[in-house]
Amino acid sequence: MMDKVILAGFGGQGVMFLGKVLAYAGMGSDLDLCWIPSYGPEMRGGTANCSVILSDEEIHSPVIDFADAALVLNKPAYDKFALRIKPGGVLVVNSSLAKLEDARDDIKIIEIPATDIANEIGNTGIANMVCLGALLPNLTLIDLDKIKKAMDKLTSKKPELLEINLTAIHKGIEYING
Amino acid sequence: MEKVLLKGNEIIGEAAIRSGCKLFFGYPITPSTEVVEYLSKHLPPKGGTVLQAEDEIGAINMCYGAACTGSRVMTASSSPGISLKQEGISYSAAAELPMVIVNVNRCGPGLGGLGPAQSDYFQSVKGGGHGDYRLIVLAPSKAQELYDFTMEAFDMADKYRNPVLILSDGFLGQTMEPVVLKDRPEPPKVDRNWVVNGAKGRKKRILASYSLTNEIGEANNQRWEAKYKEIQEKEQRWEEFYTEDAEYLLVSYGTTGRICKSTVLNARKKGIKLGLIRPITLWPYPEKAFIPYKEKVKGMVTIELNTGQMIEDVKLAVECKMPVHLYRRQGGMLPTEHEILDYVEDIFSLTAVEEV
Amino acid sequence: MEKVFARTKGLTDIPFSFCPGCTHGTIMRLVAEVLEELNIIEDTIGISPVGCAGFCQDFFSCDFVGAPHGRAQAVGIGVKRALPDRMVFTYQGDGDIAAIGTQHAIHAAARGEKITSIMVNNAIYGMTGGQMAPTTLEGMKTSTSPYGRNPLVDGLPMDFPKIIANLEGAVYVASVSVDTPKNIQQAKKAIKKAFKVQQAGLGFALVSVLSTCPTNWGMTPVDSLKWLRENMMPVYAMGELKVTEEVKSL
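Chains as they are written, first to last, in the working numbering: chain V, 1 to 178; chain D, 179 to 534; chain G, 535 to 784.
The shape of chain V in the complex, shown without the other chains:
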């Protein structure tokens, strides 16, 4: 089994961190994995995307032509990656920043106002985690428990970040269940 996931947004929206959460969750499950960054030249702003491949067997090709899932945090990211999802795949869209026109009907699209939800929680920077909550039930190899453990490791130097990130993930899960 394999999950090929594309994550994209503005630089500074926490795209790379999101990828690291998935990657560390994969480490915790002893999966093979690749975390592949792609930056614009700017340190902040511009577009940023990364892809994560999780697999229960050895990963040979790390090149994703069509992903199983994508998570896009803004409109440019949607425009760039909506067509890179395989039929039957999943697309999580931050609908606070991306209004869709002519959406594909051969993939499952989850629109979630992640930035609005993040603002309600009190930290606009965790829209990425809200989206992750919405994506999580659609992945085959990773579950919430693994994500919690990964988050624990990644926030060990700033433990105050753990709770708010987990709250955001739960909000994302609640939104799609509700």
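No lab work stands behind these hints, which were simulated from the structure alone. Any given hint could be a false lead.
[What the hints assert, rightly or not] With a Cα cut of at most 27 Å, we get these calculated DSS-like pairs of lysine-lysine:
#, chain 1, residue 1, chain 2, residue 2
1, D, 447, V, 86
2, D, 382, G, 727
3, D, 381, G, 730
4, D, 181, V, 157
5, D, 378, G, 723
6, G, 730, D, 382
7, V, 149, D, 181
8, G, 726, D, 378
9, V, 148, V, 108
10, D, 382, G, 726
11, V, 149, D, 360
12, G, 543, D, 378
[Claimed, not checked] Each pair of labels, with its calculated beta carbon distance range:
#, chain 1, residue 1, chain 2, residue 2, range
13, D, 493, G, 550, 53 to 59 Å
14, V, 120, D, 485, 51 to 57 Å
15, D, 499, V, 108, 50 to 56 Å
16, D, 219, G, 538, 57 to 63 Å
The beta carbon of each residue, even a glycine, is placed where N, CA and C say it ideally should be.
Since the structure of chain V is already known, use the hints to place chains D and G on it.
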């Protein structure tokens, strides 16, 4: 054993520390910079030295000086930086100095881009600097190999008193993959009766490559040649993947080498007997890998990230006894496993055969 | 019979191969005497350059590394960083240190690298047959400035020790000459101090020594010394150009 998740460039740094590398001299250049950054943070606490030189020329010559003392030393850079180092690399090969050089290949001539490429193949294996010398060149294809090959590179450099180049690329350097931090292999027993460390209780030594006497010059060249022949005999390394019954072979190293494995598995599902030879040493080129197949398979395709450089060595290895084709992407683009298979089917007319 | 003069142990018994009247031999002897007097021959690694100065690797009796052209400081820094308790010196011509190797010399000084550099300035490229150097004087004829160095085309000569003296990490910089017995004695004092600076771990030390090149200047050895005094010494700042307080107290 401990398993970690690090960027490929960082893994090289960690392997260097665990290999007993004592000194690193470098100059930052994307996409290799994490090597110097990682070592700047982690080598000094272990008693090592990291110095950011004024430029790549300074860095390689500092390596040259440190290697003269018999200390384990490394530098890392990316294509234009490696070009600047070529003079020092030639001198290091001539003075027979063990050192490890990492090239995280950029793409294209000039400043080029940051994406993965194999455009420095010729520069790496044919002698990028002046004079008739060879580097041992290792081509990792994943993070675990970046770790393993870095450790082996230090040992090979010591064993043969020769610089060893690790040819990586921007993809391998920036990607994070799990790596098992294996113990360092037993280091080779090496003679250090050549190092320059002060002539205390012995005759003075000079480490230099200069000779205006042609007879001495020829003797030097013959000594180096004999060493290169020994390395060619003993150190050719490669991986074979579904080769035993293969009718067609892909030949590819590094990042494309691993992509080709997916292509082979896809081909096998379709009943196409495709295999892969993945060179691990690019110099010495693994000519021995081709011996069992050069009378047997119907054709080969090299998959490269350049205009076709390694294909020349493949043609020599099979003595042009079969068609050797090239499929390549350039400028930082990677081929997908599917487009490689499409090319194989097309060039050998395999789809047509199946349809009949 | 009492022996009043002997060849310094800092030199091997290989005879100098320099042209008649060239002062390289004098300068090398001074450096070698300093190595002997400080008792550091066995602790020292010399770095030889490319050019006439490069022959020094055969003449000094300490260990030596032959550097690529201009890279002597970088190579020396590699040795010194690997073996911090050894003495490392470079012996370079003006072209090696002040043209092709400028960046390494300047950054060695800026970082305060604990090595000693001896620069031999004869205002010309000797080994390759008398081409223009960064130190060639205005109007001076060389094979690549056959009508005389023209400042509009070639710029003016570079007083390299003055540049180095401006850098914080350079703690001792001197410019000396070996044209008279008195100046030879002063040159030796400066060279000795430059090695003591390294022994004390204070920073980078540079001694520039004005030198003749009778062959490429097209003069007799005696005329060359006169020409050096009359033409080079007024252009280049002479004496101790930088001596920090720490160095003064050595």
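Hints, one by one, checked against the model:
1. About 20 Å separates the Cα atoms of residue 447(D) and residue 86(V), which keeps this hinted pair within 27 Å; it holds.
2. Using a Cα cut-off of 27 Å, the hinted pair residue 382(D) and residue 727(G) holds, with the two alpha carbons roughly 25 Å apart.
3. With a C-alpha separation of about 25 Å, the suggested pairing of residue 381(D) with residue 730(G) holds against the 27 Å cut-off.
4. Annotation: proposed proximity of residue 181(D) to residue 157(V) holds, straight-line Cα distance about 20 Å (limit 27 Å).
5. Of the pairs offered as hints, the one joining residue 378(D) and residue 723(G) holds, with about 26 Å between alpha carbons and a cut-off of 27 Å not exceeded.
6. Distance check on the hinted pair: residue 730(G) and residue 382(D) sit about 22 Å apart at the alpha-carbon level, within 27 Å; holds.
7. Between residue 149(V) and residue 181(D) the CA atoms are separated by roughly 16 Å; this keeps the pair inside 27 Å, and the hint holds.
8. This hinted pair checks out: residue 726(G) and residue 378(D) have alpha carbons roughly 21 Å apart, not beyond 27 Å.
9. As the CA atoms of residue 148(V) and residue 108(V) are separated by approximately 25 Å, the hinted pair is consistent with the 27 Å bound.
10. About 22 Å separates the Cα atoms of residue 382(D) and residue 726(G), which keeps this hinted pair within 27 Å; it holds.
11. Taken as a hint, the residue 149(V) and residue 360(D) pair is honoured in the structure, with Cα atoms around 25 Å apart against an allowance of 27 Å.
12. This hinted pair checks out: residue 543(G) and residue 378(D) have alpha carbons roughly 14 Å apart, not beyond 27 Å.
13. Between residue 493(D) and residue 550(G) the C-beta distance comes to about 55 Å, which sits within the given range of 53 to 59 Å.
14. At roughly 55 Å, the beta-carbon separation of residue 120(V) and residue 485(D) lies within the given 51 to 57 Å, and the hint holds.
15. Separated by about 52 Å at the C-beta atoms, residue 499(D) and residue 108(V) satisfy the suggested range of 50 to 56 Å.
16. A hinted range of 57 to 63 Å holds for the C-beta pair residue 219(D) and residue 538(G), which are about 60 Å apart.
Going through the hint list in order, the structure satisfies each hint without exception.
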